[in-house]
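A.B. asks: First to last, the protein sequences are chains A and B.
Per our numbering: the first sequence = residues 1 to 399.
Per our numbering: the second sequence = residues 400 to 813.
Because the hints were derived from the structure by calculation, they are not lab data.
On a predicted model such as this, the values are computed, not experimentally measured, just so you know.
Some clues are possibly wrong.
With a cut-off of at most 20 Å between alpha-carbon atoms, the simulated SDA-like pairs for lysine to any residue come out as follows [to be verified]:
#1 A:Lys3 <-> B:Gln723
#2 B:Lys724 <-> A:Leu130
#3 B:Lys724 <-> A:Arg128
#4 A:Lys107 <-> B:Lys621
#5 A:Lys107 <-> B:Glu712
#6 B:Lys621 <-> B:Gly604
#7 A:Lys107 <-> A:Ile127
#8 A:Lys107 <-> B:Gln623
#9 B:Lys621 <-> A:Leu15
#10 A:Lys107 <-> B:Arg618
#11 A:Lys309 <-> B:Cys516
#12 A:Lys107 <-> B:Ser619
#13 B:Lys621 <-> A:Phe122
#14 B:Lys724 <-> A:Leu15
#15 B:Lys621 <-> A:Leu382
#16 B:Lys724 <-> A:Ile126
#17 B:Lys724 <-> A:Ile127
#18 B:Lys621 <-> A:Arg128
#19 B:Lys724 <-> A:Val136
#20 B:Lys724 <-> A:Glu385
#21 B:Lys724 <-> A:Arg386
#22 B:Lys724 <-> A:Leu382
#23 A:Lys107 <-> A:Gly252
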Amino acid sequence: MIKNGYLTGAVLGVLWSFTMAVTVAVAMSFATGDGFRPGLLGILLAGALCGAAAPRLGRWPTLALGVLLTGLLTLIALPPVVAETMLVSALITVALFGAALGLGMAKIMQQLPTGALTRHEFEGAIIRFLTGFGYVFFTAIVVIPFYVMVMTSLKSQQALLQNPLDFSLDLSRGWDLFRSYRELLTDYGFARYLWTSFYVSVLTVLITLAFSIPGAYAVARLRFRGSALFSRSILLIYMVPMIVLALPIYIGFSMLGLRNTIFGLVLIYPVTTIPVALYMLQGYFRGLPGEVEEAGLMDGLSRLAVIWKITLPLSLPALASVSLYVFMIAWNEFLLAFMLLDDPSKFTLTRGIASLNSSEIPRQHLMAGAVIATVPIMALFLGLERFMTRGLTAGSVKG
Amino acid sequence: MSTASSHDPVPPKGRGPLARREARLAWQLLLPTLTAVSLVVILPLLAIFWISVKPVTLADLRPPAPIVRESLRGEGDEMRVEYRLRNSSRDTAVTGVVLTDTLPDGLTLAGEPEAPCLVDGQDITCDFGDLEGGDRATVAIPVTGDAETAEDAAEGSAPRVTGSAPNVLTNFTFTLENFARIFDGDEFWGVLGVTLFYTFFGTAGALIVGLFAAMLLDRSFKGQGILRGLYLFPYVAPVIAVAFTWVTLFDPFSGSANALLIQMGVSSSAINFFGERPLALIMVTLFEVWRYFPLSFLFILARMQSIDTDMYEAADMDGASPFQKFRYLSMPQLLGILSVLFLLRFIWTFNKFDDIFLLTGGNAGTRVLTVNVYEQAFAVSNIGAGAAVAVVIFACLVLFSVFFFRVMSREEGL
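Sequences and hints are given; from them, build the entire structure.
C.D. replies: Below is the structure:
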């Protein structure tokens, strides 16, 4: 019964129309700060009609139909997206929603017959709908928080309280838009925190590599009793929760006077990352051809020289992945920095942001701090995404 | 398969010198890692067991000690160096308190020093014996000399004072009170329930959402790489940045989410997302799903792309529908990675501290075990109780790990 071209089109049309109405309403609200909301009756009508007609029409006619239908429904006061705003924004809303509805439906219902559908055609249409929905959904849940983070950092507290939806920027303020950033970097010492975070992370990477490369090589290449047990227990160390270790470390550092020192932090961070790095690297080393190394050994190189001259140059991509991954862990680390550092002159970036979370400091400062911490790691990530993705996959599932 | 008969060459038994050398090298290469890991992981783990059966509070981290203040008082004949001593602890005695100091140049002894002080030349030694909890003591040593220069000199040279007090951390008094305390009452079971809810639904949610995302991206189209990078953002960004962004976004007064909901007519008044039971728990679980779905999707995608496409072509020939292909071809292939991911993520979510701590601070019915460690140790300042909770967490993890390795060896690793 439901596997009829018209009916399937109508049902999927309503669902798609609802998705698009919510998306357009949210997007327009965030862009202009005015009131937009989905209108249920309009959604129902526009979606059902456009969806039912889509199997008969091509792509462009469906698009035209979508826009036309939306315009008509808006005129007779049944708009799919209710806009309490000025004419221009309302027109843009109609065009956006209509186009999204029409194009989407044309794609979902492409080349479907109007009569009975086979199981293939029916499921194909549903999958195309779900795909479209998925792209919208995932993009929305990822983009919205980051959009809010950046935009909030550029606004003032009063403006935010007045209309929390209004993220439009007052461009006439010019450089003053970035006031929060300037104040953070100069008055709140974030320039120093950035530097601290940076060198702590770099040191962590270097120390981690220095420890994990020989260890990983031993586990991957050398035969010794207990190597299987060892490579397993590396994973076990993964599973010890940081908070369980943090308490005794806090006590120990308090007694040794290492609390409140960057040195103490650099002492601890690598140990949390060495097991991960070792695990990732040994996997890679195992995949390298052993013959090259054996040739090196035959030619009279010592084991250490083989590691240095043959294995390491061959595993540069893996080293890049591991370094990036370790850098990310160290840069994002919060718990230990929070527990061990009290002195504002020694904060890392994450600890500095935590100190901004008070009612006396305006929200935009907190968000500006969040942006300052996020941007470097994102830039690094986008630039080296290939390595990062591989690093994450190889790094098993550490969170 | 080895049915070695007597005339076959017999492989050498035991370990030759080469094998021994190799093993020695291996241990040498592993030594730095082993040392570091045992110092920072094994030692604290042992410490946490030790602390969990000791009555330690935050104040005990600074053991009781005598504190001394020196001052030059009076003028002329009345001039004296005065030492005021007190026990830093209110209830623990400090034993064998001995003060030593040197009289600065320009000051000389004038008369008998007060007991228990002895002056030999310029050296002062005062043996106070034991100082009870909260005790104070004052001694004066009469001196003569130039008051102006001597004052700075006298107060400038710090007197040394020694004394020993029982340190709760190192002595041998044990107590089970910490465990009695955390298991007492309904609170613990509430916390455990919240932990299990958060862990289970956080993990399962992230896995399902990740599976959906992986299916979306398991096709090549323009912009696939960009979308894949974008969908990893929640995981790559610092937790503190995204947690505070969520708090800002869902703020009951200035949050955009509330404004949107009210405007769309879904809700009539502002909702306190992170401040109400049981909504707060649902929100932190959603946050967990949001933040960790990228990880699952990455792994599932990697597995999906390694599935042989021939199989799907064969299924197409047989007329399998898309849903059938997913149900009967993809799912069985993905089951292995899904179960390993579930277990690993389960353990990791169980261990998670930062997320909830930053979002709600463990309030509004979101206190999980890890946050409870922090609460007990630092908010209630009872380190012993915090350690006891940590021991409970550790016990749970050992349980999970045993289970995990059973499954892991069946699924042949990641």
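A.B. asks: Hint by hint, say whether it matches the structure.
C.D. replies: Results for each hint:
1. A threshold of 20 Å between alpha carbons decides the hint, and for Lys3 (chain A) with Gln723 (chain B) the separation of about 17 Å falls inside it, so the pair holds.
2. For the hint pairing Lys724 (chain B) with Leu130 (chain A), the CA-to-CA distance comes to about 16 Å; that is within 20 Å, so the pair holds.
3. Distance restraint check for Lys724 (chain B) and Arg128 (chain A): the Cα-Cα separation of roughly 15 Å lies within the 20 Å cut-off, and the hinted pair is therefore satisfied.
4. Between Lys107 (chain A) and Lys621 (chain B), the direct Cα distance comes to roughly 16 Å. Compliance with the 20 Å bound is thereby established for this hinted pair.
5. Among the hinted pairs, Lys107 (chain A) with Glu712 (chain B) is inconsistent with the structure: their alpha-carbon atoms are about 24 Å apart, more than 20 Å.
6. Proximity of Lys621 (chain B) to Gly604 (chain B) is assessed by CA-CA distance (about 28 Å); at most 20 Å being required, the pair is judged violated.
7. With a C-alpha separation of about 11 Å, the suggested pairing of Lys107 (chain A) with Ile127 (chain A) holds against the 20 Å cut-off.
8. Note on Lys107 (chain A) and Gln623 (chain B): the hinted pairing holds, with a Cα-Cα distance of about 18 Å set against a maximum of 20 Å.
9. With a CA separation close to 26 Å, the supplied pair Lys621 (chain B) and Leu15 (chain A) exceeds the 20 Å bound.
10. For a cut-off of 20 Å, the pair hint linking Lys107 (chain A) to Arg618 (chain B) stands: about 16 Å separates their Cα positions.
11. For the hint pairing Lys309 (chain A) with Cys516 (chain B), the CA-to-CA distance comes to about 70 Å; that exceeds 20 Å, so the pair is violated.
12. Between Lys107 (chain A) and Ser619 (chain B) the CA atoms are separated by roughly 17 Å; this keeps the pair inside 20 Å, and the hint holds.
13. Among the hinted pairs, Lys621 (chain B) with Phe122 (chain A) is inconsistent with the structure: their alpha-carbon atoms are about 26 Å apart, more than 20 Å.
14. About 25 Å separates the Cα atoms of Lys724 (chain B) and Leu15 (chain A), which puts this hinted pair outside 20 Å; it is violated.
15. Distance check on the hinted pair: Lys621 (chain B) and Leu382 (chain A) sit about 17 Å apart at the alpha-carbon level, within 20 Å; holds.
16. A hinted pair counts as satisfied when its Cα atoms are at most 20 Å apart, and Lys724 (chain B) with Ile126 (chain A) qualifies at roughly 15 Å.
17. Taking the CA atoms of Lys724 (chain B) and Ile127 (chain A), the gap is about 12 Å. The hint holds against a cut of 20 Å.
18. Straight-line distance between C-alpha atoms of Lys621 (chain B) and Arg128 (chain A) comes to about 17 Å, which keeps the hinted pair within the 20 Å bound.
19. For the given pair, Lys724 (chain B) sits about 25 Å from Val136 (chain A) by alpha-carbon distance, which is inconsistent with the 20 Å threshold.
20. Between the alpha carbons of Lys724 (chain B) and Glu385 (chain A) the distance comes to roughly 31 Å, so the proposed pair goes past 20 Å and is violated.
21. Note on Lys724 (chain B) and Arg386 (chain A): the hinted pairing is violated, with a Cα-Cα distance of about 30 Å set against a maximum of 20 Å.
22. Under the criterion of a C-alpha separation no larger than 20 Å, the hint pairing Lys724 (chain B) with Leu382 (chain A) is inconsistent with the structure, at around 34 Å.
23. For the hint pairing Lys107 (chain A) with Gly252 (chain A), the CA-to-CA distance comes to about 63 Å; that exceeds 20 Å, so the pair is violated.
Of the hints listed earlier, those the structure fails to meet are numbers 5, 6, 9, 11, 13, 14, 19, 20, 21, 22, 23, in rising order.
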